[in-house]
Amino acid sequence: MENIVSLNDVAVTFDGETILNKINLDIRDKEFVTLLGPSGCGKTTTLRIIGGFLKPDSGDVMFEGKRINDLPPYKRNVNTVFQKYALFPHLNVFENIAFGLRVKKLSEDEIKTRVGEMLKLVNLSGFEKRNIQNLSGGQQQRVAIARALVNRPKVLLLDEPLGALDLKLRKEMQTELKNMQQSLEITFIYVTHDQEEALTMSDTVVVMKDGNILQVGAPVDIYNEPKNAFVADFIGESNILDGIMLRDRLVQFCGHEFECVDSGFGENTFVDVVIRPEDITLAPPENQKIKGIVRSVTFKGVHYEMVVDTADFSWLIHSTRAAQVDSEVGISFGPDDIHIMHKMEG
Amino acid sequence: MKKNKGLIQKLTAAPYLVWMAVFVIVPLIMVAYFAFVTDGGEITAEYIKEAGQYGGIFWRSVWMAAVATVICLIISYPVAYILSRMEVKIQSTMLMLVMLPMWMNFLLRTYAWMTLLGNEGVINSLLGLIGLGPFKMLNTQGAVVLGMVYNYIPYMILPLYSVMVKIDGSVLEAAQDLGCGRLKTVVRVVVPLSLPGIMSGITMVFVPAISTFVISRMLGGGGNLLIGDLIEMQFLGNAYNPNLGAAISLVLMVMVLIIMTVMRQFDTGDDERVLL
Ligand SMILES: Nc1ncnc2c1ncn2[C@@H]1O[C@H](COP(=O)(O)OP(=O)(O)OP(=O)(O)O)[C@@H](O)[C@H]1O
Ligand SMILES: [Mg+2]
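Here the protein sequences come in this chain order: A and B. With our numbering applied, the first sequence covers 313 to 658. With our numbering applied, the second sequence covers 47 to 322.
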């Protein structure tokens, strides 16, 4: 598969502050790519560069192999669902969605059919004549999605398009969007800071932090093999401990030595040790190296979330069985539940 | 609770209503009275008929005010648009510069134009240096229109600007995203969204321009008198005739009212009217 969009060493600064730090990103055609990262990490900025609303200070933006740094937005075969919808307040629902088609001077019949299709897709049939201001946040968001998608762009940029929806509608729209993306064969570049959304919808997840791309990969790979503690923590809750890699396959943390499966870190190296909450089992305290007191137990639907305090760490544990609050428990995990990661620079 | 609120609202509105009555309704009634009632106390339509004799001046006033308004709009629209898209910090400074001439006395400003435009004025002297002119600029209709534009243009810029700053930048980006270049963005998004500002700008320039009096006399000479001058002459000048003056004023008011009502028909916007 070829790349439809590429960012090569793209850098952006505002007022001397680095917003994007020479990022490189290749996006394949018809792929569902998600930019994931905490607020202010540069997700919207990255989208604006691809959309043409912002010129990078340096680096190249490529579209189907051509450099498009100087191409204005209206000449790019890209449409955007803006973070704050940006609907036209002077137009009703129908005319908002029809806007791009009217600019392209399509026939009235074609406009009617295509807008009608879109309205059905986003579940807003019958809302044609409604005033934009009288719609709920979720409805506005769906109009914004329809307005962009109706143009059948090669690439659709979506900036947290489901942020204003309630959980149920959000899940529905996630499935809808994914289906649309696959049936229309459009490349989606999707921004979210909801890791679950990123993992369930994407072909590729791009984890960003402070204007840097930390890791790019398939959801499974990112989840199972996060490159560093930040990614591990962001992609799913984690217990992150300071440890020392004594030698290959032997790590020390919490005052004990543990066998693990990682190697190649050298000897006596400071590392981050990551253990997922669901990989931990509670055991009787007697024959465990790590023991602690159960501080809280919260029912989460499928599992219980427990916090267990030891002398120097507060453990997060997921289990289908609840322990007694204030009881002493042992914390148990196997060698392959221990993930060793390089400390992040800085 | 609700009733209570209504009462408070009525009470707080009272001073405003009194103000309206004393300074708007009463003068209107007085104007109408003078226009239709002779000194002897008889009701008559004579004065209105007499006012009709000045149709030429009425027409000239409407025409020149309209031209001045259109010129104001053409100049102000891009200015207000650019202003509204500037960085917020710069905006207030630029806005001050727009307002600055308004702080100077109106007569002084118009006198300045007399010295600029006169046959021996600054502009003709400069042109004379390169062997051109002198051109007759003072005492022409053009000079009067210029004076109107110069004096009233802030009243066009301000309402336009105040509507345009409210247009979110992301809406303009959305237009570009959907295929609009600069011009199309303005035509398809900025103009419809700034329509209320256009309407109030037109009103705020056209109404004072049509009843202007000093500008026309100072820059237009004796030959370009406007309705305002005519009315002034009936009350303060040699032609002293308050009844006729009142009749002309009444006709002018009705005309403005009709013109403004017709204008409003173009304004489809049911959103909030901009009051400045
Ligand atoms: N026009 C601008 N001028 C100055 N700084 C800006 C500008 N636009 C964005 N920034 C800064 O750039 C950084 C990245 O912003 P960006 O909008 O890309 O974040 P984001 O990842 O989309 O965050 P969020 O999840 O909150 O939307 C932020 O620190 C922001 O303050
Ligand atoms: Mg953002």
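Hints may be right or wrong, so weigh each one.
[As the list claims (entries may be wrong)] Keeping only pairs whose Cα atoms sit at most 27 Å apart, straight-line, the calculated BS3-like set for lysine-lysine is: (1) A:334 to A:367; (2) A:416 to B:182; (3) A:483 to A:416; (4) B:230 to A:396; (5) A:441 to B:182; (6) A:334 to A:466; (7) A:396 to B:212; (8) A:367 to B:212; (9) A:441 to B:212; (10) A:466 to A:342; (11) A:387 to A:342; (12) A:367 to A:432; (13) A:521 to A:603; (14) A:378 to A:334; (15) A:466 to B:212; (16) A:417 to B:230; (17) A:378 to A:342; (18) A:432 to A:378; (19) B:230 to A:424; (20) A:417 to A:432; (21) A:490 to A:396; (22) A:378 to A:424; (23) B:230 to A:387; (24) A:483 to A:612; (25) A:432 to A:466; (26) A:396 to B:56; (27) A:334 to A:417; (28) A:466 to A:387; (29) B:135 to A:367; (30) A:378 to A:367; (31) A:367 to B:230; (32) A:466 to A:490; (33) A:342 to A:483.
Quick caveat, the hints were computed from the structure, so don't treat them as lab data. Quick caveat: nothing in here was measured; it's all calculated off a predicted structure.
Point to revise | Numbered hints the structure breaks, given as an ascending list | key: 2, 3, 5, 12, 13, 15, 18, 22, 26 and 27
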